[in-house]
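Chains A and B supply the protein sequences, listed in that same order. 1 is the number of the first residue of the first sequence in the numbering used here; add one for each residue after it. 1 is the number of the first residue of the second sequence in the numbering used here; add one for each residue after it.
Don't take each hint at face value.
Same chains, same names: a pair is fine if it fits in one copy or spans any two.
Calculated pairs, EDC-like style, for lysine to aspartate or glutamate (alpha carbon to alpha carbon, straight line, at most 16 angstroms) [to be verified]:
id: 1; residue 1: 88; residue 2: 260
id: 2; residue 1: 98; residue 2: 121
id: 3; residue 1: 88; residue 2: 111
id: 4; residue 1: 244; residue 2: 464
id: 5; residue 1: 98; residue 2: 119
Calculated from the structure, these hints are not laboratory results. Since the model is a prediction, treat every value here as computed from it, not as a measurement.
Protein chains: 2
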Amino acid sequence: MNQKTQKPAQIRHALTVKREDDFAAWYQQVVSEGEMAEESGVRGCMVIKPWGYGIWERIQKIMDAAIKEAGVDNCYFPLFIPLSYFAKEADHVEGFAKEMAVVTHHRLIADGKGGLMPDPEARLEEPLIVRPTSETVIGAAMARWVQSWRDLPLMVNQWANVVRWEMRTRMFLRTSEFLWQEGHTAHADRDDAMKETLRALEMYRSFAENVLAMPVVAGEKPENERFPGAVATYSIEAMMQDGKALQAGTSHYLGTGFAEAAGIRYQSKEGAQELAHTTSWGVSTRMIGGVIMTHGDDDGLRVPPAIAPHQIIILPMLREDDGDEALLAYCEEIRRELLKLSALGEPIRVLLDKRPGKATQKRWAWVKKGAPIILEIGGRDAAGGMVSALRRDRIWREDAKTNFVGQSREEFVAGVAALLEDIQASLHREATEKRDANITRGLTTLDQVAEFFAEDKRYPGWVELNWSRPTGDALEKVVEQLKALKLTIRNTALDAAPAEGLCPFTGEAAVERIYVARAY
Amino acid sequence: MNQKTQKPAQIRHALTVKREDDFAAWYQQVVSEGEMAEESGVRGCMVIKPWGYGIWERIQKIMDAAIKEAGVDNCYFPLFIPLSYFAKEADHVEGFAKEMAVVTHHRLIADGKGGLMPDPEARLEEPLIVRPTSETVIGAAMARWVQSWRDLPLMVNQWANVVRWEMRTRMFLRTSEFLWQEGHTAHADRDDAMKETLRALEMYRSFAENVLAMPVVAGEKPENERFPGAVATYSIEAMMQDGKALQAGTSHYLGTGFAEAAGIRYQSKEGAQELAHTTSWGVSTRMIGGVIMTHGDDDGLRVPPAIAPHQIIILPMLREDDGDEALLAYCEEIRRELLKLSALGEPIRVLLDKRPGKATQKRWAWVKKGAPIILEIGGRDAAGGMVSALRRDRIWREDAKTNFVGQSREEFVAGVAALLEDIQASLHREATEKRDANITRGLTTLDQVAEFFAEDKRYPGWVELNWSRPTGDALEKVVEQLKALKLTIRNTALDAAPAEGLCPFTGEAAVERIYVARAY
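All chains should be modelled from the sequences, with the hints used to inform the complete structure.
Structural data, given as C-alpha cells:
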C-alpha cells in the first residue's frame with residue numbers, strides 16, 4: 001500500500017475493550033467508536049450520529065411498511081399532555097409520575113444577574129407533561145372519532161419522541177428522550193382487541209428475527225411487569241451476549257380502562273352504548289442497543305445487511321497521484337453495477353468512500369461501524385479487473401487485511417446478493433445458537449436457581465422455570481425473592497411447552513413456564 | 001346509480017363557506033372537512049389526521065431524498081436545550097425568549113387535593129427549554145466534531161418537532177408545536193457557507209414549484225425580518241388565494257456568531273485557528289397550509305398528485321347484493337393494473353375504497369380531501385369493461401356527478417400517467433397565473449401604496465416596489481409605516497429586475513426591488 005506511512009500509535013484501529021473483560025465498557029466503546037451516538041451535554045439525552053440514525057431510518061422504513069400493511073394509519077398527536085388528561089387513569093399516572101418532564105412556564109425573562117429565568121408572570125395554569133407515552137391524548141382523540149360500531153376498529157400509529165426522566169441512562173438502552181413508534185387501536189370487544197395485541201406482537205417478533213437477525217421470545221409478561229394501566233402486556237425478549245435479557249418491544253391489551261377514562265364509547269349494532277377495548281404497542285431506538293449487544297464482536301458492531309445504511313463500502317486505495325483517476329473510474333463503474341442489483345428484496349445500498357485519509361484508518365472505521373461488506377480496490381486491482389472483499393461477519397481479528405478475498409470483479413458482482421443474504425442468515429443463526437446454548441432448563445427449586453446464578457459465571461444466561469403463576473401478594477413475594485438474586489421474570493413464551501412438576505416458589509402444581517434472567 | 005337514495009339534507013356534501021365570502025373560515029372548513037387535522041384539546045397543538053399526515057410523509061420522502069442527494073447526513077439531537085446554551089447568542093435568545101416552553105421539574109407528586117403537582121423536591125437546577133430551533137445544541141455538537149479544515153463542510157439535518165409558544169395559532173400555519181426539518185452546516189469560509197445557504201434555498205424553491213405545484217419567489221428578507229442571530233435570511237414566499245403572502249421556507253447564513261457562541265473552530269491548512277461559518281435552513285408542516293390555500297377550491301382541497309397519499313381512489317358502487325362480488329373483483333383487477341404503472345417518476349398510488357357507506361357520501365369525502373382522480377365503478381361498468389373518472393382539479397361544482405367521464409378501462413389505464421402529470425402541471429399553471437395576475441408594479445409613492453391597499457378589494461395581492469434598502473432606524477421607520485397599513489416586506493427576489501427610480505420611503509435612488517404584502 002502506498003499511502004503515507006503513519007505511526008500505528010496515532011491510529012486507533014481496534015477496540016481496546018473485549019466483551020468478556022467488561023461488557024458494559026465494550027458496549028460504550030462500540031457506540032462511540034462505531035460513531036453511533038454520543039452524549040449531548042443535555043442530561044440523559046444523546047445525539048444520534050449519521051450511522052446510528054441511518055440504522056434507525058432503515059428500521060423505520062421496514063417497520064412502517066409492516067404497520068401500514070396491517071391497515072394502521074399514521075397520525076401525529078401533541079408532544080404535551082395536560083396533567084388532567086394524565087391523571088384520569090390511576091394506575092397509569094402512578095406508573096409514570098416519578099419520571100415526567102413538566103413544563104410550567106411559557107416565557108423567559110432577565111433574572112437581573114445577566115441571565116434568564118422562567119417568567120413568573122408566564123406560569124401555565126395547568127402544567128403540561130412532555131409525553132412519556134400517548135394513551136391519554138390519543139384516547140381523547142379516539143373519543144371524538146368513535147361514535148358507532150362502524151368506526152371500529154380504529155387503528156393509528158405515530159412515530160415520535162417521548163421523554164421519561166430516567167435516573168441512570170445508557171445510550172440507546174435507556175435515555176431520557178427516545179424515539180419510537182406507538183400504535184394505538186380501539187375495538188368493539190375483547191376478542192378483537194386481543195387479536196390486534198397479538199398481531200402487533202407477531203409483527204415485532206418477525207421483524208426482530210428477520211430484519212434485525214435477533215432471535216426473540218414472544219410471550220406474556222407477568223402481572224407485576226405490566227404496562228401501567230394494562231390488563232395484559234406481551235413482549236419480545238432477546239438475549240444479549242452477556243446473557244442478560246433485553247425487552248425489545250411490547251404490546252398491551254388495555255381492556256376498557258383507558259376507554260373509560262377518555263370516554264371512548266360506541267353505539268353497538270343493537271343500539272347500546274358500549275366502551276371500546278383498546279390496545280397499544282411500541283418499539284423504540286432501544287432496538288439499536290439490542291442489535292449492538294446481539295451482533296457486536298471485539299472489533300465493533302456488525303450490522304445485519306437488512307438494516308445497514310450502506311451494505312457495501314467501496315474503498316479505493318488512493319495514492320494521491322495520476323493513477324487515482326483510473327482507480328476512481330473503476331470504482332464508480334462497480335458502484336453503478338451494484339446499484340442495479342437487489343438483495344433481501346430491495347436495491348443494494350452502496351457507498352463509494354472517496355474521502356481523503358489513510359486507507360487503513362478508513363478500513364478500520366468501517367469495520368468498527370460494522371458495514372456488512374468492505375471492498376478494497378487498489379490500482380493493481382483496477383488494472384486487472386479485480387476486487388478484494390471483506391465479509392464483516394467473519395473477520396479474523398488479528399490482521400483484518402488477511403481477511404480480504406481477492407476475486408474478479410465479475411465473480412464478486414455475480415455473488416454479492418447471495419453473499420448479503422448469507423451474512424443476514426449467518427448473523428441470525430449465530431445469535432440463535434448462542435441464545436439457545438444459554439438457556440438452562442430443569443431447575444426445580446429456588447435454591448438451585450440461587451446456586452446457578454451465584455456460580456462464578458459472569459454470563460449465566462436465562463433459566464426456564466415451571467411455576468404456578470401466583471398473583472397479588474404471593475407474586476410480590478416471588479418478585480422480592482428474585483430481586484434478591486438480581487433476577488426478573490421476563491415472560492411466558494406463547495409457544496412454551498406445557499408446564500411440568502411443582503412451582504419452585506409456591507410448591508403448588510405448575511401451570512406455565514417462565515424465563516428468569518438478569519435484564520437491561 | 002343503484003345505491004339507496006338518501007335525502008340530501010342528511011349528507012353534508014360540499015363546504016358551506018366559499019373562499020370569496022370568508023377565506024379564513026373557508027380554510028378552517030377545508031382542514032376539518034378534508035380530514036387534515038383538528039384541535040387536540042392541548043393549547044395551540046393540533047392532531048394531524050391520516051390524510052394530512054400522509055401528505056406530510058410524501059413531503060418528507062421527497063425532501064429527504066433531495067437533502068441526502070446534497071450530501072447532508074440525517075442525525076437526531078435532543079429535544080431539550082439547557083437555558084445556558086440558549087443564552088450564549090444574545091440576538092438569538094432575545095428573538096425566542098418570549099415564546100419558549102420551559103421544563104422546570106422532573107417529577108409529579110400528590111397535591112393533597114386528590115390531584116397532582118410538580119414535586120418541589122424535583123426542581124431542575126437549570127431549566128430546560130423545549131427546542132424552538134436547534135442552532136445552539138447542534139452548534140455544541142459541531143464544536144466537538146470539527147477540528148480541522150478536513151472536517152468541513154459538516155452538513156447535518158434532522159426531522160423533528162419544535163415548540164414556539166404562539167399566542168394566536170392556526171392549524172398548520174402557526175401552531176405551538178410543529179414538525180419540520182432543520183439543516184445545519186458549518187463551513188470554512190463565508191463563500192462556502194453562502195453557497196450552501198443559496199443551495200438550500202434553491203432546493204426549497206424547486207420543491208415548492210415542482211412538487212407542491214406552488215409558485216414561489218425566492219429571495220432575501222430585509223434586515224428586520226432576519227432570523228434572530230442571522231447575518232442574512234432568505235425565504236421562499238408564496239401567494240395564497242386571498243392575496244396574502246406565506247413564507248414557506250427559510251435559509252439563513254449565520255456568519256460566525258453561532259460558531260463563536262458554541263466554539264466551532266478549526267485549524268486551517270495554514271495552521272491557524274479559525275471560526276467556522278454556519279448556516280441553517282428549514283421547512284415545516286406550514287407548507288401543508290400553503291398547499292391548501294394555494295390549490296383549494298370551493299369544494300375543498302385539491303392535492304397535487306406528487307404529494308397525494310393516494311393519487312387514484314377506486315370507488316365501487318356497492319349495492320349490498322350478489323353483484324358486489326363481481327364488481328369488487330373488477331375493481332381489484334384495475335387496482336393491480338394501475339399499481340404496475342408509474343407517473344411523475346414514481347409508482348402510482350391507488351386506494352380501493354371498499355368501506356361500507358353511501359356512494360355519494362364517500363365520493364364527496366374524497367372530493368373534499370382532494371384526491372386527484374376518483375374512479376367510480378358500478379355493476380354496469382364492470383360488466384361492460386368501463387370506468388367513470390373524475391378529475392378533481394377541474395370539477396364543475398354544481399353537480400359533481402356530471403363531471404365523471406365514462407370511458408373504457410383500457411383507455412383510462414393507457415392515459416392515466418399522462419393525466420396525473422397533467423393535473424400536476426395544471427395546478428401549477430393555474431396558481432402561477434393567479435399569482436402573476438395579482439402582483440402590481442409601478443407604484444412610486446407611499447400614498448399610492450396606501451391607496452392601493454385601502455381600496456375595497458379584499459385580496460389586493462402583492463405590490464412590487466423599488467427602494468433604497470435603508471437600514472437601522474431608517475428601516476424601522478419604513479417598517480412602522482408599512483405596519484400601519486398592515487403590510488410587511490416579504491423579500492427581494494434573487495432574479496429581480498434592476499431597480500428603477502426613487503425609493504418611495506426615503507426619496508433616495510432605489511437599489512433593489514421588494515415585494516410588499518399582507519402576510520400569514
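Subject >> Alpha-carbon proximity context of residue 98 and residue 121, limit 16 angstroms >> reply: For residue 98 and residue 121, only the inter-copy Cα distance (12 angstroms) is at most 16 angstroms; the intra-copy one is 27 angstroms.
Original post:
When no copy is named, should residue 88 and residue 260 be tagged within, between, both, or neither for a Cα gap of at most 16 angstroms?
Top reply: Within. Shortest intra-copy distance 9 angstroms satisfies the 16 angstroms Cα cut-off; inter-copy 48 angstroms does not.
Original post:
Between copies, within a copy, both or neither: which fits residue 88 and residue 111 at Cα up to 16 angstroms?
Top reply: Answer is between: at 15 angstroms across copies they meet the 16 angstroms cutoff, but 37 angstroms inside does not.
Original post:
Is the C-alpha distance from residue 98 to residue 119 at most 16 angstroms within one copy, between copies, in both cases, or in neither?
Top reply: Between copies, since 9 angstroms is at most 16 angstroms while 25 angstroms is not.
**OP:** Have a look at residue 244 and residue 464 and pick one of within, between, both or neither, based on CA distance no larger than 16 angstroms.
**Re:** Classified as within; 14 angstroms inside a copy, 68 angstroms across copies.
Violated hints are absent here; each numbered hint is respected by the structure.
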